[in-house]
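With these hints in hand, go ahead and build the complete structure from the sequences.
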Amino acid sequence: MSLMALREQLNGLVNSMFLEGLLDDQFEQLQMLQDESSPGFIAELITLFCGDSERILAELTKLLDQAVVDYQKVDAFVHQLKGSSSSVGAQHVKLACVQFRQFCEEHNKEGLKGIYFFRCLRALNVVKHEYYLLRGKFDTMLQLEQRIQAYESKQQI
Amino acid sequence: MNWFIDAQIMEQKTGYLSDKSNLWLELLKKFSIKDWKNNLCNRLFGSKKVRGTWWRKLLLLWIIGWFLGSLWIFWFMNSQAVEKRREMLASMCDERARMLQDQFNVSMNHLQALAILISTFHHAKDPSAIDQITFARYAERTAFERPLTSGVAYAVKVLRSEREQFEKQQGWKIKRMDSTEQPPAREEDADLENRDEYAPVIFAQDTYRHVISFDMLTGKEDRENILRARESGKGVLTAPFRLLKSRRLGVILTYAVYKSELTSKATPAERIQAAIGYLGGIFDVEALVDKLLHQLACKHSMMVNVYDKTNPDEPIIMYGSNMTNVGLYHISTLNFGDPIRKHEMHCRFKQKSPLPWLAITTSIGTLVIALLVGYIFHATVSRIAKVEDDYRQMMELKGRAETADVAKSQFLATVSHEIRTPMNGVLGMLQMLMDTDLDITQEDYVRTAQASGKALVSLINEVLDQAKIESGKLELEAVPFDLRAVLDDILSLFYGKAQEKGLELAVYVSDQVPDVLVGDHGRIRQIITNLIGNSIKFTERGHIYLTVHIFEEVLNSLDKEVEVHSTDTLCGFPVANRRRSWESFKNFKLELPASDPSLLSTSSNHINLIISVEDTGVGIPLEAQSRVFTPFMQVGPSISRIHGGTGIGLSISKCLVGLMKGEIGFVSQPQIGSTFTFTVVLTRACTNSNEYKSSEFHGMIALVVDHRPARAKVTKYHLQRLGVNAILEIDPNQVLSRLTSGTSTINMVLVEKETWSKDSSIWPFIISKLKGNQLDIPKILLLANPTSSVKNNASSSMEYISTIITKPLRASMLQVSLRRAMGCGDGEHSRNGRLPQLSLRGLLHEKQILVVDDNIVNLRVAFGALKKYGAEVTCAESGKKAIGMLKPPHKFDACFMDIQMPEMDGFEATKRIREMEADINKQIECREVPVETFENVLHWHVPILAMTADVIQATHEECLRCGMDGYVSKPFEGEQLYREVTRFFKQPQKRIDNEVKC
Chain A
1 MSLMALREQL NGLVNSMFLE GLLDDQFEQL QMLQDESSPG FIAELITLFC
51 GDSERILAEL TKLLDQAVVD YQKVDAFVHQ LKGSSSSVGA QHVKLACVQF
101 RQFCEEHNKE GLKGIYFFRC LRALNVVKHE YYLLRGKFDT MLQLEQRIQA
151 YESKQQI
Chain B
1 MNWFIDAQIM EQKTGYLSDK SNLWLELLKK FSIKDWKNNL CNRLFGSKKV
51 RGTWWRKLLL LWIIGWFLGS LWIFWFMNSQ AVEKRREMLA SMCDERARML
101 QDQFNVSMNH LQALAILIST FHHAKDPSAI DQITFARYAE RTAFERPLTS
151 GVAYAVKVLR SEREQFEKQQ GWKIKRMDST EQPPAREEDA DLENRDEYAP
201 VIFAQDTYRH VISFDMLTGK EDRENILRAR ESGKGVLTAP FRLLKSRRLG
251 VILTYAVYKS ELTSKATPAE RIQAAIGYLG GIFDVEALVD KLLHQLACKH
301 SMMVNVYDKT NPDEPIIMYG SNMTNVGLYH ISTLNFGDPI RKHEMHCRFK
351 QKSPLPWLAI TTSIGTLVIA LLVGYIFHAT VSRIAKVEDD YRQMMELKGR
401 AETADVAKSQ FLATVSHEIR TPMNGVLGML QMLMDTDLDI TQEDYVRTAQ
451 ASGKALVSLI NEVLDQAKIE SGKLELEAVP FDLRAVLDDI LSLFYGKAQE
501 KGLELAVYVS DQVPDVLVGD HGRIRQIITN LIGNSIKFTE RGHIYLTVHI
551 FEEVLNSLDK EVEVHSTDTL CGFPVANRRR SWESFKNFKL ELPASDPSLL
601 STSSNHINLI ISVEDTGVGI PLEAQSRVFT PFMQVGPSIS RIHGGTGIGL
651 SISKCLVGLM KGEIGFVSQP QIGSTFTFTV VLTRACTNSN EYKSSEFHGM
701 IALVVDHRPA RAKVTKYHLQ RLGVNAILEI DPNQVLSRLT SGTSTINMVL
751 VEKETWSKDS SIWPFIISKL KGNQLDIPKI LLLANPTSSV KNNASSSMEY
801 ISTIITKPLR ASMLQVSLRR AMGCGDGEHS RNGRLPQLSL RGLLHEKQIL
851 VVDDNIVNLR VAFGALKKYG AEVTCAESGK KAIGMLKPPH KFDACFMDIQ
901 MPEMDGFEAT KRIREMEADI NKQIECREVP VETFENVLHW HVPILAMTAD
951 VIQATHEECL RCGMDGYVSK PFEGEQLYRE VTRFFKQPQK RIDNEVKC
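For the protein sequence lines, the chains are A and B, in the order given. Reminder that position 77 of the first sequence reads as 77 in full-length UniProt numbering, one-by-one numbering, no gaps. Reminder that position 148 of the second sequence reads as 148 in full-length UniProt numbering, one-by-one numbering, no gaps.
No wet-lab data here; the hints were simulated from the structure. Treat each hint with caution, since some may be false.
Said to hold, decoys possible - Cβ-Cβ distance ranges computed for the label pairs, FRET-style: (1) Pro39(A) to Ser760(B): 36 to 44 Å; (2) Glu59(A) to Arg447(B): 21 to 29 Å; (3) Asp65(A) to Met395(B): 42 to 50 Å; (4) Gly40(A) to Gly772(B): 42 to 50 Å; (5) Pro39(A) to Ser761(B): 42 to 50 Å; (6) Gly40(A) to Ser761(B): 46 to 54 Å.
What the hints assert, rightly or not - Dumping the calculated DSSO-like pairs for lysine-lysine here, alpha-carbon to alpha-carbon at most 30 Å: (7) Lys352(B) to Lys291(B); (8) Lys175(B) to Lys220(B); (9) Lys352(B) to Lys84(B); (10) Lys881(B) to Lys62(A); (11) Lys501(B) to Lys137(A); (12) Lys911(B) to Lys73(A); (13) Lys454(B) to Lys73(A); (14) Lys880(B) to Lys62(A); (15) Lys137(A) to Lys881(B); (16) Lys291(B) to Lys350(B); (17) Lys880(B) to Lys73(A); (18) Lys880(B) to Lys137(A); (19) Lys73(A) to Lys881(B); (20) Lys454(B) to Lys62(A); (21) Lys537(B) to Lys661(B).
As the list claims (entries may be wrong) - Residues of chain B clear of chain A, computed beta-carbon distances all greater than 12 Å: (22) Glu87; (23) Leu117; (24) Pro147; (25) Thr310; (26) Gly337; (27) Arg341; (28) Pro356; (29) Lys454; (30) Gln625; (31) Met660; (32) Glu754; (33) Ile767; (34) Ser817.
Where is the CB? At the ideal position from N, CA and C, for every residue including glycine.
Here's what the structure looks like:
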């Protein structure tokens with residue numbers, strides 16, 4: 001496959017992600033940040049994001065699995081995830097996190113044990129779903145970028 | 001009520017009774033009314049138990065009282081009747097007694113006269129002028145003068161010495177009185193012979209002729225009579241006795257005849273001496289009284305007895321049958337002139353007194369009325385008691401129902417709590433299973449299982465939602481939000497589903513709707529999501545169109561839009577007339593008469609939105625339309641099988657709309673589609689910010705080519721949100737003239753895919769023409785539905801197109817697409833965007849900046865962004881670390897601080913840093929430490945900028961209060977960053993000054 005084809009594929013992928021709303025203009029800004037001085041910026045960021053997100057999701061799953069759920073902790077984690085996803089421009093993940101936080105807040109406000117648990121659980125599942133969807137695409141994106149870089153380095157040689 | 005009736009009845013009762021009892025009754029009435037009032041109070045305020053015993057006692061008292069009362073009434077009336085009867089009897093009796101006495105006196109007087117006659121004509125004359133025949137005739141002829149006497153007789157006083165001479169003279173012998181009954185015995189004869197004087201009868205009335213020659217002194221009563229009569233000189237009566245011949249009861253009145261006139265003062269002895277004869281009148285009492293009574297009327301109603309009561313112990317009956325001493329009787333005394341003899345008349349009624357019917361009926365009537373009143377009272381009280389009992393029972397049941405309701409909630413809470421662990425496990429495990437290597441069938445199974453689990457969870461959520469709304473526990477938030485952004489989010493949610501079905505999804509918000517509204521966006525989102533979800537479920541082809549207007553706008557357009565072209569819709573399919581869906585709204589009718597609705601909207605801070613969701617689906621069958629908003633009711637049982645869902649969504653939506661003071665309605669035509677419309681009342685927000693208005697496309701002009709005006713309107717709306725002026729063009733043939741002849745340059749042309757392919761041949765011609773004209777060729781963008789886009793990508797004319805924009809249109813997506821299309825070729829247009837970047841680079845170049853954020857991703861992004869502008873960035877992961885690094889002396893020019901951090905948040909960290917700085921500044925001022933230690937900086941103040949995701953005013957104020965210099969929104973936005981950074985980097989800084997000095 002030619003370099004151009006790869007680039008086109010990458011562009012197509014990113015475009016489709018924009019269209020689906022997976023990414024928002026923040027990602028575009030990030031793309032602008034990537035230049036010759038920091039070629040692997042996006043890749044690095046995505047890896048960071050994925051690692052961080054997976055850690056948070058694991059924590060959340062563990063928290064919600066406990067008999068007594070500490071919703072304040074859950075809220076803190078979700079907030080973190082929301083922050084990082086909005087930094088990356090992962091719009092869907094961010095929206096899911098917003099929803100999740102709303103449920104957490106309601107839970108704290110109402111103090112109704114159990115009633116909002118399902119919502120939180122569902123919200124977590126939504127977040128996970130969105131995240132895994134995004135990660136799939138990100139993985140493809142990273143692969144493509146790696147290949148492009150490999151090509152580029154080959155050409156340079 | 002009761003006592004009122006009671007009082008009335010009492011008044012009636014008083015009518016029956018005499019004046020005397022009135023007073024007493026009135027007293028009673030007053031008392032009883034007072035009692036009633038007391039009781040009423042008791043009933044109202046007293047405890048139930050007290051009441052229960054009280055009314056029973058009162059009832060008993062009432063009945064007993066009235067029983068006694070009626071007895072009294074009976075006695076009273078009866079005694080009155082008896083009294084009256086007695087008076088009547090007395091008057092009648094007295095009348096009879098007086099008559100009898102009068103007649104007797106008359107008779108007595110006449111006898112006296114007769115006695116004088118005899119003394120005059122018999123004794124004073126010699127020879128006597130009267131013989132037996134004369135006497136008899138005279139007596140007979142004057143009998144009417146002596147109504148009570150049946151006969152008179154005269155006996156003469158004959159001494160023993162004169163006896164023989166007398167007997168010779170008369171020609172008969174003196175006989176003993178009782179000789180007629182039995183032959184006189186010899187001894188008795190002898191007794192007669194031995195007497196000193198005799199009183200033989202010489203004259204007698206014819207009826208009593210048989211008594212002539214009898215010696216009156218031999219008769220026991222006669223003798224006594226004679227003796228007493230000559231002593232007293234008055235008429236003397238015998239005790240009643242059987243008359244000699246008639247054997248009837250009679251009384252003899254005797255008068256003494258004196259030789260000469262005697263003075264009234266004469267002694268008895270003188271009288272005895274002077275007496276020469278004795279006149280006797282026989283009173284046949286029985287016959288006479290009979291005769292007398294006959295003369296009076298109503299003789300038969302009375303019974304009269306006459307008694308001789310001379311000896312009070314042995315009264316001798318003179319007249320009348322012996323009768324028993326029962327019943328009413330009256331005694332009148334009779335004076336017959338003889339002071340020794342005492343006579344009495346006893347009268348009584350022949351018939352027994354009739355039963356006192358009036359008294360009986362009155363008393364019984366009173367009693368009955370009293371009992372009735374008592375019964376009414378009893379019935380009322382028991383009714384009240386029953387009602388109270390029922391009420392208590394109801395309250396108890398209500399309490400139980402409420403408890404059950406609470407129990408239900410608790411049950412739901414508990415059950416959901418109990419379900420959560422297994423559900424958590426199931427969903428988590430399914431998620432994990434999805435990540436493992438599965439073949440297609442397995443994956444399908446897992447997907448189905450997961451979908452079912454999610455459906456279950458959502459069902460529980462919806463049921464809980466419904467329960468919460470019903471119990472009124474749901475509270476609405478009031479936060480500012482951008483409705484357009486919310487709608488964009490919703491659209492992106494349904495993007496996938498719409499794509500699958502090939503539906504066109506569009507949103508249009510009227511430009512009169514303010515950018516920022518205050519309300520509960522989460523709930524509005526929920527309602528709209530519900531409606532769109534339903535629409536997508538039941539729509540197989542066509543479009544789903546979400547519109548938002550201001551209420552007044554709709555009112556104004558009402559007159560214009562009378563005729564709606566059925567084909568002028570988003571995708572050409574006919575739709576149900578949405579205006580009919582809000583025809584039933586109360587608000588609508590209410591505000592319809594308002595002549596100038598625009599005044600209404602401006603005067604109040606409230607804004608009335610009308611939101612419609614229009615689809616071209618199967619519609620709702622007419623028979624099911626009435627129960628659309630009923631929970632758990634779906635059109636038919638098959639619906640839930642085909643489409644799933646619980647049928648609770650619309651019910652929740654209705655409740656939510658109601659909470660937001662709105663209304664929801666719909667119109668549906670089977671096989672054409674449904675339109676659901678609802679209104680909500682929201683508040684205007686004071687802040688007015690549009691995130692897109694300031695975009696780089698501001699002021700650009702776009703030509704929208706679409707043969708459907710409705711669809712073009714949506715495109716125009718989205719372009720306008722980005723600040724792009726849109727010109728609509730229906731006919732593709734006019735495009736060229738538009739492009740060339742327009743006074744202003746058109747920057748882009750957006751062509752609807754459908755219009756493009758309808759006559760795709762014209763486009764190459766247009767473009768070549770444009771190229772020929774050497775004009776700045778506008779970018780051509782194609783608007784396409786997601787389904788159709790893929791296949792037709794390869795069409796011949798594609799080379800002219802810069803980008804294909806996939807619908808549904810959303811501001812953010814459109815912005816990205818436009819940026820892609822415009823940004824690459826034309827540098828001029830992105831000038832606005834570039835400017836701050838370049839300036840930033842100048843400002844931030846080689847500045848030492850500390851970024852504090854606990855989130856490594858954020859940290860990395862901030863790092864990348866700042867580095868891009870040439871800054872030297874250092875990172876810190878926590879507030880504590882930042883404090884350590886910012887302890888003077890340090891090299892940092894600025895600090896970007898995240899606010900929400902664990903352990904120590906941005907506010908706290910900033911406060912600490914400021915305290916630290918103030919401390920050192922003080923020390924420097926006082927020369928406690930040499931300035932050189934702090935790099936010759938006299939005043940330490942590192943600019944701290946907050947990084948925050950929520951751009952709320954309150955947060956801003958909090959930032960400033962904590963000593964921060966400003967804030968930037970996260971993620972970084974070039975322009976804002978520039979604005980904030982320039983504020984303090986352009987200021988002459990002491991550090992720099994110092995450096996210059998040094």
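Do the hints match the structure? See the list:
Between Pro39(A) and Ser760(B) the Cβ separation comes to about 42 Å, which falls inside the hinted range of 36 to 44 Å. Between Glu59(A) and Arg447(B) the C-beta distance comes to about 26 Å, which sits within the given range of 21 to 29 Å. A hinted range of 42 to 50 Å for the beta carbons of Asp65(A) and Met395(B) is consistent with their spacing of about 46 Å. At roughly 46 Å, the beta-carbon separation of Gly40(A) and Gly772(B) lies within the given 42 to 50 Å, and the hint holds.
For Pro39(A) and Ser761(B), the hinted distance range of 42 to 50 Å is satisfied, since their beta carbons lie about 45 Å from each other. Against the hinted window of 46 to 54 Å, the Cβ-Cβ separation of Gly40(A) and Ser761(B) comes to about 47 Å, which satisfies the hint. Taking the CA atoms of Lys352(B) and Lys291(B), the gap is about 25 Å. The hint holds against a cut of 30 Å. Proximity of Lys175(B) to Lys220(B) is assessed by CA-CA distance (about 14 Å); at most 30 Å being required, the pair is judged to hold.
Between Lys352(B) and Lys84(B) the CA atoms are separated by roughly 14 Å; this keeps the pair inside 30 Å, and the hint holds. The straight-line distance between the Cα atoms of Lys881(B) and Lys62(A) is roughly 29 Å, inside the 30 Å bound, and the hint therefore holds. At most 30 Å may separate the alpha-carbon atoms for a hinted pair to count; Lys501(B) and Lys137(A) meet this at roughly 23 Å. Between Lys911(B) and Lys73(A), the direct Cα distance comes to roughly 25 Å. Compliance with the 30 Å bound is thereby established for this hinted pair.
About 24 Å separates the Cα atoms of Lys454(B) and Lys73(A), which keeps this hinted pair within 30 Å; it holds. Distance restraint check for Lys880(B) and Lys62(A): the Cα-Cα separation of roughly 28 Å lies within the 30 Å cut-off, and the hinted pair is therefore satisfied. The suggested pairing of Lys137(A) with Lys881(B) is violated, with an alpha-carbon distance near 36 Å, which exceeds 30 Å. Simply put, Lys291(B) and Lys350(B) have alpha-carbon atoms about 18 Å apart, close enough for the 30 Å limit, and the pair holds.
Among the hinted pairs, Lys880(B) with Lys73(A) is consistent with the structure: their alpha-carbon atoms are about 20 Å apart, no more than 30 Å. With a CA separation close to 37 Å, the supplied pair Lys880(B) and Lys137(A) exceeds the 30 Å bound. Among the hinted pairs, Lys73(A) with Lys881(B) is consistent with the structure: their alpha-carbon atoms are about 22 Å apart, no more than 30 Å. A distance of roughly 19 Å separates the Cα atoms of Lys454(B) and Lys62(A); the hinted pair therefore holds under the 30 Å criterion.
With a CA separation close to 28 Å, the supplied pair Lys537(B) and Lys661(B) stays within the 30 Å bound. The beta carbon of Glu87(B) is kept farther than 12 Å from every beta carbon of chain A, the shortest such distance being approximately 97 Å. With a least CB separation of 141 Å from chain A, Leu117(B) remains clear of the 12 Å interface cut-off, as annotated. The non-interface label for Pro147(B) is consistent with chain A: the shortest C-beta to C-beta separation is roughly 125 Å, beyond 12 Å.
No beta-carbon of chain A comes within 12 Å of the beta-carbon of Thr310(B); the shortest separation is about 119 Å. Residue placement check: Gly337(B) keeps its beta carbon more than 12 Å from all beta carbons of chain A (closest about 124 Å). With 12 Å as the threshold on Cβ separation, the claim that Arg341(B) sits away from chain A holds: the shortest Cβ distance comes to roughly 122 Å. The claim that Pro356(B) lies off the interface holds: its Cβ sits roughly 84 Å from the closest Cβ of chain A, which is beyond the 12 Å cut-off.
Non-interface status of Lys454(B) relative to chain A is broken: a Cβ of that chain comes within 12 Å, the nearest being about 7 Å off. Non-interface status of Gln625(B) relative to chain A is upheld: no Cβ of that chain comes within 12 Å, the nearest being about 32 Å off. For Met660(B), the non-interface assignment is confirmed: its Cβ lies about 17 Å from the closest Cβ of chain A, beyond the 12 Å cut-off. Annotated as non-interface, Glu754(B) keeps its C-beta farther than 12 Å from every C-beta of chain A; the closest such distance is 19 Å.
The non-interface label for Ile767(B) is consistent with chain A: the shortest C-beta to C-beta separation is roughly 23 Å, beyond 12 Å. Distance check on Ser817(B): its Cβ comes as close as 8 Å (rounded) to a Cβ of chain A, failing to clear the 12 Å threshold; non-interface status is violated.
Figure legend: structure checked against the earlier numbered hints; hints not met, in rising order: 15, 18, 29 and 34.
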